[in-house]
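Line order of the protein sequences matches chains H and X. Just so you know, we're using this note's numbering here: the first sequence kicks off at 1 and counts up by one. Just so you know, we're using this note's numbering here: the second sequence kicks off at 1001 and counts up by one.
Derived from the structure by calculation, the hints contain no laboratory data. No incorrect hints appear here.
Part of the chain X face toward chain H, derived, beta carbon under 8 angstroms: (1) R1019; (2) H1039; (3) V1040; (4) C1044; (5) N1065; (6) L1158.
Stretch-level coverage of chain H by chain X, calculated; a stretch enters the list once three of its residues show a Cβ under 8 angstroms from a Cβ in chain X: (7) 25-35; (8) 99-106.
Predicted model only: the values in this text are computed from it and were never measured. Cβ coordinates follow ideal geometry from the N, Cα and C atoms, glycine included.
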Amino acid sequence: MSDDKDKLHAVWQQQEGDPMRLSVEDLERQAHSFARSVRWRNVREYAAAPVVVVVLAWRAVQDFNFLERWGSCLLVVATLVVVGYLWRRGRAPRFDALVETRALLASHRRELERQRDLLRSVGRWYLLPFVPGFVIVLIGRAADHPVVTLVESVGIAAVFVIAWRLNQAAARELQRDIEALGASD
Amino acid sequence: MLDAFYRELADEFGAALERLASAWEHDPDRRKDLIQEIHVALWCSLERWHGDCSRRTWVYRIAHNVAVTHVLRSRRDVLRSATSLDEMELARDADVEEALDEKRMRARLLAAIRRLAPLDRQVAVLYLEGVDARGIGDVTGLSASNVATKIHRLKRVLGSKQGAARHVG
Chain H
1 MSDDKDKLHA
11 VWQQQEGDPM
21 RLSVEDLERQ
31 AHSFARSVRW
41 RNVREYAAAP
51 VVVVVLAWRA
61 VQDFNFLERW
71 GSCLLVVATL
81 VVVGYLWRRG
91 RAPRFDALVE
101 TRALLASHRR
111 ELERQRDLLR
121 SVGRWYLLPF
131 VPGFVIVLIG
141 RAADHPVVTL
151 VESVGIAAVF
161 VIAWRLNQAA
171 ARELQRDIEA
181 LGASD
Chain X
1001 MLDAFYRELA
1011 DEFGAALERL
1021 ASAWEHDPDR
1031 RKDLIQEIHV
1041 ALWCSLERWH
1051 GDCSRRTWVY
1061 RIAHNVAVTH
1071 VLRSRRDVLR
1081 SATSLDEMEL
1091 ARDADVEEAL
1101 DEKRMRARLL
1111 AAIRRLAPLD
1121 RQVAVLYLEG
1131 VDARGIGDVT
1141 GLSASNVATK
1151 IHRLKRVLGS
1161 KQGAARHVG
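Just need the whole structure built from these sequences, with the hints factored in.
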């Protein structure tokens, strides 16, 4: 057995290839580039929210009827509620390279569970807040544009259903990852 | 000061980091990315070095954590297809042992290691790097007895996947 052990070590340690060398300038550039990509990712996650809020706020003060204006106000509130929820619950923990690997795996598992739960409950925290606003806007439009409103209603409902189903599918994928991670411990 | 410390670590552990990356990433381009990622993580962590553990433990901990995270984030299939030690021990009995040259032995060893689940793979790499059970426990967070059991089983599995350590040399 000891002979086998020596052979294993020898075979492993005689792998070919020169170790990579990085200059300090390269290291600093890559560290900055990584920090920048994280900053951009964070900006991208919330970039759509101000646009949606501005467009809906503009609609709320335009010359639409009372119900449409109030519906738009409710949609602005829904957007802020969703962004606030994501801000509180959606942020990923920072990666710490210095912890023991078991702790890192446990933290990764918790992160996957958190993401899975967010996706599973997307109907409650992401879709539901928009329902009152859309319903009121559509009721407001129904009197003047009944057919268009009907088509819009079906379209919005379809988008909601598709979004819900995609998120449930993504949650199931994450659940499989969690199970694989659990089996590998 | 930090530059010199980094160069010292790169000189001392550069080759081991390459071997470690080979255990985690099969694709040569992605492996290069992983090695770079490890070097950058080392560089970024230098200021947090306080000498609480050995330099080797510290470097391996960072390197393994970056490698594990790299695989968990980018290669979902790797985790799902990971094989437990139990399954590999069962398969071992069906192996036909044959004499192999060193190159093929290394390829088979790497293939066997890459099939292991993250913690087992980490224990295997550290064991092959010559780290003792206590050192492996320091890096992984596993207890010394747990590490010893895993090493015992890994030796059986890797020894047989190698096929033929005993026939060569």
